[in-house]
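With the hints as your guide, set chain B onto chain A.
Protein sequences appear in the order of chains A and B. As numbered in the numbering used here, the first sequence has no gaps in its residue numbers, which increase by one up to the final residue, 152. As numbered in the numbering used here, the second sequence has no gaps in its residue numbers, which increase by one up to the final residue, 527.
Certain hints may be false.
Unchecked claim - Below 30 Å or equal to it, Euclidean Cα-Cα: the simulated DSS-like pairs (lysine-lysine) are:
hint : chain 1 : residue 1 : chain 2 : residue 2
1    : B       : Lys163    : B       : Lys112
2    : B       : Lys192    : B       : Lys421
3    : A       : Lys101    : B       : Lys242
4    : B       : Lys51     : B       : Lys159
5    : B       : Lys262    : B       : Lys38
6    : B       : Lys262    : A       : Lys101
7    : B       : Lys262    : B       : Lys362
8    : B       : Lys192    : B       : Lys362
9    : A       : Lys101    : B       : Lys267
Calculated from the structure, these hints are not laboratory results.
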Amino acid sequence: MSESTSSTTSQDPNEAASLLRPEELREEALELLSGGLVDDAYQLLTATQGAGESEPETLALVELLRTHLVDDVLMQVGSPSAMPVIEMDAEDLMKFNLPAGAGFLLSRIDGQTQVDDLVALSGMDPFETYHTLGRLLEAGIVGVAE
Amino acid sequence: MGHVIGIDLGTTNSCVSVLENGQPSVIPNAGGYKTTPSMFAITQDGKRLVGHLAKRQAITNAQSTVYASKRLIGRRFDSDEVQRAIDVSPFAIVEGPNEDVRIEVSGKTFTCPELSAFILREMKRVAEEYLGEPVQEAVVTVPAHFNDAQRQCTKDAGKIAGLDVLRILNEPTAAALAYGFSRNEEEKVAIYDLGGGTFDISILEMSDGVVEVIATSGNTFLGGEDFDRRIVDHLLEKFQEQEGIDLRGDAMALQRLKDAAEKAKCDLSAREVAEINLPFIASDDSGPRHLSVEIDRETLEGLVHDIVEGTLKTVEECMQDAGISADQIDQVILVGGQTRTPLVQNRVAEHFGKRPHKGVNPDEVVAIGAAIQGETLVSDDDNLLLLDVTPLSLGIATFGGHFARLIERNTTVPVCKSHIFTTTRDNQSAVKIRVLQGESETAAENDLLGEFVLGGIRPARRGEPEVDVSFDIDANGIVSVSARDTMTGKEQSITVNATGTLSDDEIQQIIEEQELYEVQLKE
Chain A
7 MSESTSSTTS
17 QDPNEAASLL
27 RPEELREEAL
37 ELLSGGLVDD
47 AYQLLTATQG
57 AGESEPETLA
67 LVELLRTHLV
77 DDVLMQVGSP
87 SAMPVIEMDA
97 EDLMKFNLPA
107 GAGFLLSRID
117 GQTQVDDLVA
127 LSGMDPFETY
137 HTLGRLLEAG
147 IVGVAE
Chain B
5 MGHVIGIDLG
15 TTNSCVSVLE
25 NGQPSVIPNA
35 GGYKTTPSMF
45 AITQDGKRLV
55 GHLAKRQAIT
65 NAQSTVYASK
75 RLIGRRFDSD
85 EVQRAIDVSP
95 FAIVEGPNED
105 VRIEVSGKTF
115 TCPELSAFIL
125 REMKRVAEEY
135 LGEPVQEAVV
145 TVPAHFNDAQ
155 RQCTKDAGKI
165 AGLDVLRILN
175 EPTAAALAYG
185 FSRNEEEKVA
195 IYDLGGGTFD
205 ISILEMSDGV
215 VEVIATSGNT
225 FLGGEDFDRR
235 IVDHLLEKFQ
245 EQEGIDLRGD
255 AMALQRLKDA
265 AEKAKCDLSA
275 REVAEINLPF
285 IASDDSGPRH
295 LSVEIDRETL
305 EGLVHDIVEG
315 TLKTVEECMQ
325 DAGISADQID
335 QVILVGGQTR
345 TPLVQNRVAE
355 HFGKRPHKGV
365 NPDEVVAIGA
375 AIQGETLVSD
385 DDNLLLLDVT
395 PLSLGIATFG
405 GHFARLIERN
415 TTVPVCKSHI
425 FTTTRDNQSA
435 VKIRVLQGES
445 ETAAENDLLG
455 EFVLGGIRPA
465 RRGEPEVDVS
475 FDIDANGIVS
485 VSARDTMTGK
495 EQSITVNATG
505 TLSDDEIQQI
515 IEEQELYEVQ
525 LKE
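Chain A on its own, in the form it takes in the complex (with noise of 0.2 Å):
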């Protein structure tokens, strides 16, 4: 989830990982994991072509950091009836770069929606509202209410 104003790359991650082969490229997810960077094993894995998408030991290192994925966001808000609430102001919202499912979520969360209601009534798939969720807490977008 990154602000628009200050994203900058100097080479695409995923032309880089596209040379490696699947097993590398689950290798380098695995260290990734193991320095707590779950998403970037995720995006790793399901973003780079060529990653072996259907072999599956890659199935099963994908589907093993969705579950760690889901773990985080829930260890964040506290459990699933914890209530998210939007902490930023339209004006500073607008500087982030959010894709349409970002901003659907955001439009979701009143402030008296719990989490599970939220996956529930999302539409989206369970876990990339999860995703999409631990993504809005990390950047700062959304907080818990106490």
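Just chain B now, with coordinates in the frame of chain A:
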């Protein structure tokens, strides 16, 4: 004695009320809202949602979210209304075993009474939480123009929800009861009820505790949802003009547009201009796109003008049925959230030549009237006499496909009319009778309530046997039929199986399934 609750089971929103210490209260739900969306959904992980949560995911989970099922309840699958709903509904509407309507949600098929029961159960739960005690008895309202099958199905829904429905009450009549509560004036009243999905108009006479309906009419496919749809279409066009992106296929964007349209419509009842800002509604290679549109009241009025004029045509027809002119109406009562729209208020005022009464809350008045009626029924209060009418003529199909009216529309209920049937052939042992409701002279164009066979007629020459068939419409507007051989005096038991109504076994099975789901949910 427990409380009797009044439930306004609306097409788009429902409301529950109760009388406490002689005064009506509208009960807020857990979110603090006094109305609850009449929506039911099943999420991807099998969770059942009712009310606000179901509404907030309605478009992104469109195929598994049921709304406005009230428009389908008690209708035959091949009816024009159902076929029209199939064209516009994202959820699957399928034919049931009795030519009735069923709705498929996440691989499970639900009957319409079952879906209404989800809403009624939610309203029951809201009332129980508020009162701190179990609630068993209720008065449930229906549009005045509901036929027998629709009323019967609503009663079945109450049973499935664990409620003893003491009375099925017409919505405009309920509104009149609430309006007339603690008033003793003699006056003629017009109830103009424009809800989310239906429109009703009723003309009533009120005097000294007597509330008498003179005429009623309506349209089951016209309401506030149509206003919202027009606004959404307008926003879609604006966004396409500004950004070159068509959002029609984007469920998440449509959900946000629908929510925003509804809010803008409400804002425009109080303000001249409403701003609609939906950041990050779409994104493409060039980055996020935001929708920012201003809509003014004049634009909204231009979008919905024809819908409002359509309601006034129905008003005119009802006035003709009642045999009175606009200047004879003493009070005009507006019911339904949509009547907050200034265009509606102004056009109704112009039509009747007087400003509508401002003393009732259009969202709550029907539920309040239902609660008042409930209290009257259990307390045997004889200070209030309610004389309602049947909205549709009741009759039978006759030779040549004609419709013979036995009870004319706008006849006060309860009512009973008898008709003598005889045989057309020598030694004929049975007569088949088709019971219909509607206004067409052609039997096939009316609603078939059911058909039955009068059997066991004694052998005789044609025209000799006489069977006296009695058609009753009770205070709920529900039809029953009984028959008696006039020669032998032998009574015949007849059941008119209305389309879509459920047998006791089916109702019991649905209740058990629901209980099983509740248990699984707790586990």
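Now for the hints, and whether the structure bears them out:
Taken as a hint, the lysine 163/B and lysine 112/B pair is honoured in the structure, with Cα atoms around 21 Å apart against an allowance of 30 Å. Restraint check for lysine 192/B and lysine 421/B: the C-alpha separation of about 28 Å stays at or below 30 Å, so the hint holds. Proximity of lysine 101/A to lysine 242/B is assessed by CA-CA distance (about 24 Å); at most 30 Å being required, the pair is judged to hold. The straight-line distance between the Cα atoms of lysine 51/B and lysine 159/B is roughly 26 Å, inside the 30 Å bound, and the hint therefore holds.
Pair hint lysine 262/B plus lysine 38/B holds up; C-alpha atoms about 21 Å apart against a cutoff of 30 Å. Taken as a hint, the lysine 262/B and lysine 101/A pair is honoured in the structure, with Cα atoms around 26 Å apart against an allowance of 30 Å. Distance check on the hinted pair: lysine 262/B and lysine 362/B sit about 29 Å apart at the alpha-carbon level, within 30 Å; holds. Using a Cα cut-off of 30 Å, the hinted pair lysine 192/B and lysine 362/B holds, with the two alpha carbons roughly 16 Å apart.
With a C-alpha separation of about 26 Å, the suggested pairing of lysine 101/A with lysine 267/B holds against the 30 Å cut-off.
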